[in-house]
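Student: Hey, can you work out the whole structure from these sequences and the hints?
Heads up: the protein sequence lines correspond to chains A and Y, in order.
Per this note's numbering, the very first residue in the first sequence carries number 1; after that it's consecutive.
Per this note's numbering, the very first residue in the second sequence carries number 1; after that it's consecutive.
If you're looking for bench data, these hints aren't it; they were derived computationally from the structure.
Hints should not be assumed to be uniformly reliable.
To be verified - Distance condition first, Cα-Cα at most 27 Å in a straight line; then the derived DSS-like pairs of lysine-lysine:
id	chain 1	residue 1	chain 2	residue 2
1	A	Lys10	Y	Lys90
2	A	Lys68	A	Lys58
3	A	Lys10	Y	Lys95
4	Y	Lys48	A	Lys12
5	A	Lys10	Y	Lys48
6	A	Lys12	Y	Lys112
7	Y	Lys112	A	Lys10
8	A	Lys12	Y	Lys47
To be verified - Label pairs and their in silico Cβ distance ranges:
id	chain 1	residue 1	chain 2	residue 2	range
9	A	Asp262	Y	Leu156	47 to 57 Å
10	A	Ile60	Y	Ser160	23 to 33 Å
11	Y	Lys47	A	Phe264	55 to 65 Å
12	Y	Ile49	A	Ile267	50 to 60 Å
13	Y	Ala111	A	Asn11	31 to 41 Å
14	Y	Leu156	A	Phe45	28 to 38 Å
15	A	Glu72	Y	Pro45	54 to 64 Å
Beta carbons are placed, not taken as given, at the ideal position from N, Cα and C, and that holds for glycine.
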Amino acid sequence: MQQIISFINKNKYLLLFLLLESAAIFFTIQSHSYHSSKFVNSANFITGGIYNRINNFKEILILKDENKRLSEENVNLKNLLNLRDKSDSNKINTVIDTLKFHQKYNFISAKIINNNYRKSNNYLTIDKGMNHGIKSDLGVINSKGIIGITKSASSRYATILSILNLNSRVNVKLLKSSHFGSLSWDNKDYNTVQLLDMPIHAAIKIGDTIVTGGKSTIFPEGIPVGTIKDFRTKNNNYDYINITLFNDMSSLGFVEIIDNLDKFEIINLEEKSLNE
Amino acid sequence: MNRETINIALLFIGLILLQIVVLDNINFLGYINPFLYILFIFLYPIKKIDSTLIFLSFFLGLSIDFFLNSGGINAAATLFIAFIRIPVLKSVLGKRDIDYTMSSLKKLPFAKMYTYIVILTFIHHFIVFGLEYFKTSHFEIIFIKTFLTGIFTVILVMISFTFISRR
Chain A
1 MQQIISFINK
11 NKYLLLFLLL
21 ESAAIFFTIQ
31 SHSYHSSKFV
41 NSANFITGGI
51 YNRINNFKEI
61 LILKDENKRL
71 SEENVNLKNL
81 LNLRDKSDSN
91 KINTVIDTLK
101 FHQKYNFISA
111 KIINNNYRKS
121 NNYLTIDKGM
131 NHGIKSDLGV
141 INSKGIIGIT
151 KSASSRYATI
161 LSILNLNSRV
171 NVKLLKSSHF
181 GSLSWDNKDY
191 NTVQLLDMPI
201 HAAIKIGDTI
211 VTGGKSTIFP
221 EGIPVGTIKD
231 FRTKNNNYDY
241 INITLFNDMS
251 SLGFVEIIDN
261 LDKFEIINLE
271 EKSLNE
Chain Y
1 MNRETINIAL
11 LFIGLILLQI
21 VVLDNINFLG
31 YINPFLYILF
41 IFLYPIKKID
51 STLIFLSFFL
61 GLSIDFFLNS
71 GGINAAATLF
81 IAFIRIPVLK
91 SVLGKRDIDY
101 TMSSLKKLPF
111 AKMYTYIVIL
121 TFIHHFIVFG
131 LEYFKTSHFE
141 IIFIKTFLTG
151 IFTVILVMIS
161 FTFISRR
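Tutor: Here it is, written out as structure tokens:
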């Protein structure tokens, strides 16, 4: 016992260093795994608050682009409204039976207050949190396409795992033929992502549109992702398929978070059938 | 609370804010963001054994990690260079023991101070990028990033040193 105490006394400087260093390495390893970085993130009161202040200055710079994007979305929505059937609009009495409607997705609007796109593991921070209904594993989009998936949330802020992250995998499909693949990023260009696991019999061309697949409970089907930029075949397989994103990941402003209201029902059902 | 303690506290908070508000948004040549916050390690008074610096450097790195969502990468790297700075300084000066009363780097000869800063900066950056990628297949990009960002950081550290010593 005496010897242990004297050993600790002699080496306490080294032991302190080793203790703190292993704590740091522990946080690092935790942050590399997809689901468990709960402690060190920018969704807390102090960092969220500071990022919010910084963003108030930056916001002025992106207002012009953001206005343009909103007016484009408005035009699209107005066009959709005008697509109604002629015979339908001539009817005078419209009966709305709310029982026939079933709301599957709930959209929450939020503002990005910190945007990373230059690193190998990029995260975004938004100004909405658990108080506004944000949980982990919700899809994040804007009118142009997908952005990422929420990771951790505090009461007022939340972090988003960007699709520009080495850990990110999103289920996507070809718009024209509904072949499924998964989306990942090779950490080179922030406007280009890669499509993996595409079967060779799916005939693809440069310029084909890629949308989300709807096979997971996170994103609804058909959210735009991007177009095929180039690809190469090797050994009767696709070697790589590069996709140009519709979104400019370097200038993001307002986003929508998608909460799938049927998520628990689907997950419960899937677990039940697995156990049977 | 003497003057030295207040100075260190101000330096600690000031460097974190400078790093978050300005330096992480530079993106020079696409991806180069200097880590000027390690200036704290260089400006901290030189003492023989100092547990306070070990604690402070850990929390300095961890604060940066909180902002950048990077786990414990910066904490591990900053802590490591804080731990090895005295042995490195000894070998740079070529002495078995240092005169701890001089307490500041400014009085060192320029070439030796420069070597000391370069060694610690590159070790720090290598740990940061090594842990960020965490794979041997990314060796090339780790070295490129360490080299380019390291040069940028060293230049900024030297500029800050001339400003501080002029006062």
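Student: If you check each hint against the structure, which ones fail?
Tutor: As far as the earlier hints go, 6, 7 are violated by this structure, in ascending order.
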